[in-house]
Amino acid sequence: MKRRAALAGLAALFTGACSKVADTSAAKSLFKTAEDWHLKMHRALAGEQALAPEYSHADLSPSFRGNGSVTVDTDQYRQELASGFPNWQLEVRGLVKNPLALSIENIRRLPQCTQITRHDCVEGWSAIGEWTGVQLSVLLDAAGVLPQANFIVFRCADTLAGARYYESVDIVDAYHPQTIVAHMLNGEPLPEKNGAPLRMRVERQLGYKHPKYLTAIEAVASFDDIEGGNGGFWEDQYGYQWYAGI
Amino acid sequence: MKRHRFSTRLWHWINALCVVILFMSGLNISNAHRRLYWGDAGFDASEAWTAVMRFPGWSTIPGYYDLAAARAWHILMSWPFMIGLVLFWVAIIFNGHLRRKLMISRDEWNLEAIRDDIGNHLKLKSDNHGSAYNFLQKFSYLVVLAILLPLMIATGLAISPGFEPAAPWLVEMLGGRQSARSIHFIVAWGLFAFFAIHIALVLLTGPLRQIRDMITGGRT
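Chains as they are written, first to last, in the working numbering: chain A, 1 to 246; chain B, 247 to 466.
Since the hints were made in silico from the structure, they are not lab data.
Do not take every clue at face value.
Label pairs and their calculated CB-CB ranges [to be verified]:
#1 A:R78 to B:I443: 33 to 43 Å
#2 A:S25 to B:R345: 20 to 30 Å
#3 B:L357 to A:E48: 52 to 62 Å
#4 B:I339 to A:Q148: 48 to 58 Å
#5 A:P189 to B:I443: 55 to 65 Å
#6 A:L30 to B:F252: 19 to 29 Å
#7 A:K28 to B:L382: 23 to 33 Å
#8 A:S137 to B:G421: 28 to 38 Å
Even glycine gets a Cβ: it sits at the ideal position worked out from N, Cα and C.
Bound-form chain A, shown alone (with noise of 0.2 Å):
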């Protein structure tokens, strides 16, 4: 028992030291570049469009978990989910020649896709669905994304924590074939606690880098005056990575 108690000492002490490393500049700044060289080793393996697998109806999760932000907690959203989002607007908008707004309606009516895909959350558990709505390239196409921006952030209606979520992508990512903005799961409209009317799917990323009440598409240069300059609500709030691909 002694040399149990020994051995949980010697333990205890060692996750100390570490937490005292994690918090010098030279760890943080190690750290990040452990996760870019993840990113790098991943699109060099796989090639920047690789696919993520997608699978059939007989293998759908019984039902989609919701998490996290499970609803927008505003009389305005709740009267809109009611009577189907008649005035949702996604804008499109940042570095882009023709910044568009587009209704639920619109959106509908541009080519549409569907893929099965599997969810992964950075807890650790996954779901898989059926999404269905429009490539995020076909909106930034049709707002003409100026050659400066370097990355795409995705604003929402939602607050967590006391803080509006928001999420980005780069380039890369935002012009993957399955990155798309989708307003349906499972053949219905987006479900309440899956994001209605709708979220983004970045497939090949954790579930975090999926926000859902969307309600604007930004092209940026860098995000250093956004919220906290980190890229995202979990980067800001809790120091997440930003390339959530591992």
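Given the coordinates of chain A, assemble chain B onto it according to the supplied hints.
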């Protein structure tokens, strides 16, 4: 001739640091979602084959629940762990360490001798003089080097949605992402079992000499 080659010693300590940090940050990550599943997907208790314990703070990195910080350690240490294992394999193939010290010869696959070897270990009798490894040592080092450590890398890569498009066959071979995650967890504990026995045997066989030799190389 030194008891341990330089490449063995260098890799031993780098790998030890990697494995300890990966294991402890992994326990923190496990606390984020304690259910394990087989197949491609799963999130509900009804789909899980088990729910593991919540690992206490003293056993995790960091010492409190922080998924982002634990992932930062995991993502960082996966690099020296992966590169180190590949280089060590190259080294032991080319410097003869694998052939001369680790490979089990046909004569050694002898039930009686193996039984004696196990008996000696259980009686804590060490017959390990000089630098030759006995059957159980060779066997366990080979299992760790050729099966457990590579499986940690394969299952770790298979869990990553960004890596998957590079080798979808790997995920399929492992039975789907959630199976890969389950195997990752099980093999991690297999390595922990090796670690525990390894430390116990070092403590029983003159720990100061053993640790000194693994640093300086020692003499045969």
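Problem - A:L30 versus B:F252 beta-carbon gap, inside 19 to 29 Å or not - result: At 26 Å between Cβs, range holds.
Exercise for the section: Could you tell me whether the CB distance from A:S137 to B:G421 stays inside 28 to 38 Å? Expected result: holds (34 Å)
Exercise for the section: Given the range 55 to 65 Å, decide if the beta-carbon distance of A:P189 to B:I443 lies inside it. Expected result: holds (57 Å)
Problem - B:L357 paired with A:E48, Cβ distance criterion 52 to 62 Å - result: holds (55 Å)
Exercise for the section: Please test the hint of 23 to 33 Å on the beta carbon pair from A:K28 and B:L382. Expected result: Once the Cβ atoms are compared, 44 Å apart, the range 23 to 33 Å for B:L382 and A:K28 is violated.
Problem - Outcome of range test on Cβ distance (A:S25, B:R345; 20 to 30 Å) - result: violated (46 Å)
Problem - Pairwise beta carbon distance, B:I339 to A:Q148, judged against the given window 48 to 58 Å - result: holds (50 Å)
Handout entry: Distance restraint hint 33 to 43 Å, applied to the beta-carbon atoms of A:R78 and B:I443
Key = Since the Cβ atoms of A:R78 and B:I443 sit about 60 Å apart, the hinted range of 33 to 43 Å is violated.
Hints 1, 2, 7 from the earlier list are contradicted by this structure; the remaining hints agree with it.
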